[in-house]
Structures are given as structure tokens and as C-alpha cells.
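S.K.: Quick mapping for you: the protein sequence lines, in order, are chains F and U.
All the letters of the first sequence, read from the start, carry residue numbers 1 to 294 under full-length UniProt numbering.
All the letters of the second sequence, read from the start, carry residue numbers 1 to 294 under full-length UniProt numbering.
Hints listed in this document are in silico derivations from the structure and should not be mistaken for laboratory results.
There may be inaccurate statements among the hints.
Ranges between beta-carbon positions, derived for each pair [to be verified]: (1) F:Glu36 to U:Arg99: 15 to 25 Å; (2) U:Glu201 to F:Lys174: 51 to 61 Å; (3) U:Thr136 to F:Thr28: 17 to 27 Å.
Virtual Cβ for every residue (Gly too), placed ideally from N, Cα, C.
Protein chains: 2
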Amino acid sequence: MQLPAKTDRYLIAPDPAAPRLTRAVTGTDQTGAAVEISVVEERPLTIFLNGQEIVTAMTIGDYPQYLAVGFLRNQGMLADGEDITGISYDEELETVVVRTASRTTYEEKMRKKTRTSGCAVGTVFGDMIEGLAGVTLPQAELRTSWLYALSKEINTTPSLYLEAGAIHGTVLCKQDRPLVYMEDVGRHNAVDKIAGWMVLEGESAGDKILYTTGRLTSEMVIKTAMMGIPVLASRSGFTAWGVEIAREVGLTLIGRLRGQRFVCLAGEERLVRDADPADADEDSPKSRRKGAHA
Amino acid sequence: MQLPAKTDRYLIAPDPAAPRLTRAVTGTDQTGAAVEISVVEERPLTIFLNGQEIVTAMTIGDYPQYLAVGFLRNQGMLADGEDITGISYDEELETVVVRTASRTTYEEKMRKKTRTSGCAVGTVFGDMIEGLAGVTLPQAELRTSWLYALSKEINTTPSLYLEAGAIHGTVLCKQDRPLVYMEDVGRHNAVDKIAGWMVLEGESAGDKILYTTGRLTSEMVIKTAMMGIPVLASRSGFTAWGVEIAREVGLTLIGRLRGQRFVCLAGEERLVRDADPADADEDSPKSRRKGAHA
């Protein structure tokens, strides 16, 4: 079992020991012996905006308020600078109501649904692309030493990721420091929780890096750009359209980030190759699983 | 590079060399050197049902007809035994229209949306759970020798899975033989393509096993059960609600299937432990990546 990495640099880090997030379940193994394992909880959360029911999301249930606000924001149902007057989470009813000072134009948004590769719901697809037209991402230097440091630290942070493929994580970072590490069974929930945190904490985006465990699809690129974050990095791969959109919107897109290696397919100009590749984490099988337990 | 596994047992297997599915893109690597890599294409496909636009899905675009029919079926918009009178795919307009003899009640379905952990859109959440109430899955023996054989064969089948995390695969199997291996950037697209294939080919479900690379969420369990398949297996992990639903509906749920090991958390009674664990594939890092190229 790995020694836990220091997580005191994080503002929010996963809490694998949180009782509410996992449950012990018994079954049998290949020999027929009884076995007890820990499995991640998955709960429905119904999100309301000013009395209008919007969606029910399945989530591990750790940050319902951030998820609700971030979801609505990323779907374009909460404007930038929207005056949020209240957020009511009812654990028993599994609902969260987000209230705003002014009415919002969500009715239009609900009309055409897009299921994208990671699966978004609610946003008019054309709107998403149009929404990008107004986005300008700041120049913001990206040092490779930061990428290596982030990769190393994130890959050794204990997570709910108890076995391969169970959880998707996304981490909001600043330079070489991971700040907010969100996980969820739904990849887009993790990103939405970060967006919600940024809205409610009034955190800036232009000086941040978004690191994700998942693939760099068009959906992920669009969300990152609309959140105002100029750099998106993953140990995983790309899709062609994700690359196209990143190039159009001027986002720096880093994929296949493992050990000292990576590929940059967009926004090259931000990169400053200041790192000694020897500083990078070894691309070992152990580091491939983020703090996975045996 | 691994020798390609025989894929002639498959009815449908991934075709990593298919030109339309990937694109060569140039960028830079960690040293600043120019690099050209192959990335997966991702295209919007707008699905219509009898003239009603339903959704736009992002897909790799290999089986638009199967995807459309399977999506509609799994959303409950096409009934079992529905008379499909035509399917028109327009590659240029990126649309597919599915026509049926009778009108279907999709309007109700569109009203309440659920985004689940893998992300579904369109089905009334309550409807999904209700729909399960009518499901009876057949007894159907499940031999561990079949699980080991399937795992071994699937893990060595070349796929578009060029690097970790890029693609999600799901395979329809019969006993120890994988039949239809679908991949897509969206995990649920792969399942829907299989469902569409089964509908259009008139293939039975009760004698099948569904193997997936992804986690066994409530969404995956529900889809599998509603497709009438009594066994769902993955090398990945579980969620608590996925386990609960599997137990309620009488589905056999096998997770953490790696090498000779697995955990069964539901539907134990179907299992026949006939295998010699030595027949199982070694749980090596190489076998963890399904035919991944260097």
C-alpha cells in the first residue's frame, strides 16, 4: 500500500475514507469464496433552477451545490456574473435548488438536446459552438516543469479510484500546484463541480490549468474554453474535433502526458520548455493508477 | 507491437486501419520536435424518428444506423418488435432518420431528462426504473471458462484504443465467443450500437453476455437488463446502485475481471466455476491495454 501523498496543498482533495461515498458490499470471487469489497455510491440528484426542474444527475454526492451551480453554468443556463441568491440542498429529497435574482432563458436551452461523446444534456449544440465565438483565452505561459510536477503529484494522490475505470477525476491547477481535485462516476460531473466551485468562490480562470484523466473530446475542450481556462491537459488521448476546436479557440491542448512525454496539438505558443525531463515522474504502471489501492 | 489476434471469429470487430475513423494530426512533443499522431474522429450525428429530431450524438461514425436504432430502442422510443420501415443515413448532412409503421410516444419521453453517470439523455428516469419492473432475465448458465476465454481474446483484439482512455468498448458475446465488438468515444454509444445491431439482425439476447471496458454503473446495468441480456461483465469496478439494480432484476454482475480474478456481486446462481484458473490470461500490464499500440 502506498504512503498517502501530502494533500495539504490541495484546497479540495478526494477523501477515500469518507463513509458516505462508498459502501461495503459482499459477493463471491473466482473461487466461490465470500468477499467483501468497497464500491462507490451513486445517487440521483435533481437540479432545479428557480423552481424549474432541469435534470437528474447521477453523482457520488460529495458536492451537490458545486455540481448544481457548475452544471447550470456550463450548460449556459447561468450567465457569467449571474446573481445567485440562494442554493438549497435537501439530502433526503436528493434535490438542489439554485435561485437567481433574475429569470434565465433556460427554456430555449432545453429544447434541443445534444448528447456528446462524454454526454452533455441541455445545451443547444449550435449554441455551444456559438458560445465559443465570444471566448478569448489569455496568453498565459505554460511551463513544462509545471506539467511534470502536476502529473507526478496528482498521480500519487489517494482517490476513490479504487480500481481501474471506476472514477473520473479532474483537477483545477495553478502553475505547479493542484488546487481542487474533483471525482465522480460521471466525467462531466467532475468538471461541473470545479466550475461550480470557481463560481461560488469567485476564482479566476485565466491563470489556471485543467488536468483530467479522461480523453480530450470536443465536449471537454468546449467546457474548458467556456470556463475561461486556457490550458487543458490529460494523460489520455485526443479526438480530431477536440483538436480543431482547441485550435480555433486558442486553447493549449496537451495529451498523452505520461512521465516526461506529452504531445501538444494546439496552443503551442504558450509552452515554455523549461523542464529537465529527468524531473518528470517515471511512466511506471504504479504511477498510472492514481494512488490506487491493491 | 503485438501480432494481431485472429478477429475472424467476430461478426464485427474494430477496424483500426479504417481511414475514415482516424485522422493524422501534427503537433509537437516534449522536446519541441514535430510529431504526427493518429487521433480518432468524432462527428455529430443527428437522429430523427419519423421526422422528429431527437438528439445529436457525437460518434466515431462507423455504424450510424445501428447507433440510431439502438439509441432509440434503449431510450424506450422504439418498442420491442417495433415495425421499422426504413433507415436513411445521409453522410453529408450527418443525419439518420428511422421510420416506423406506427407513431411512437417519444414526446412524453423527451419531457424529463436524466443525465446519468455515463450520461443518458431522453429517458424519463422513473420510466427507466419502471421499465425494469417488467424485465425477466432467463436462467442461463455462465461458465467461468467462458469469462476467461472472452477476457483473453477481447484484450488482445486490435482496437482504435490507441492510447489509454481514448475509446470505450463493449462486446456482445455468446458463451466463449466474442461476436460484436463496438467502440466509440461515448461509452453509451458502443452499447447502443450493439442494441441496434441486435434489433436489425433479429438477434436473441437471453443467451448472450455483455462485456464492457467501463465501470458497471446503474446506467450500464439498466441498459443491459432492458436489452434482455442476463450477464454483464467488466474488468472495471462497480457502483453501489448498479449492484442493487442488478440484484433486483436478477442480472449476473461480474466486475474486476482480470486474469483469473473477478468479483461477482449479483446473480451468483448462474455461475458455474468450471475453469482451471491457470487457463486465465495473466493479469499483465500488456493485457490491460486492449491490443494497444506502442
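S.K.: For each hint, tell me whether it holds in the structure or not.
M.R.: Taking the hints in turn, this is what the structure says about them:
1. F:Glu36 to U:Arg99: 15 to 25 Å: Between Glu36 (chain F) and Arg99 (chain U), where Cβ atoms are some 51 Å apart, the hint is violated.
2. U:Glu201 to F:Lys174: 51 to 61 Å: Because 53 Å falls inside the window, the suggested range holds.
3. U:Thr136 to F:Thr28: 17 to 27 Å: 23 Å, holds
Hint check: a violation occurs at hint 1 only; the rest are consistent with the structure.
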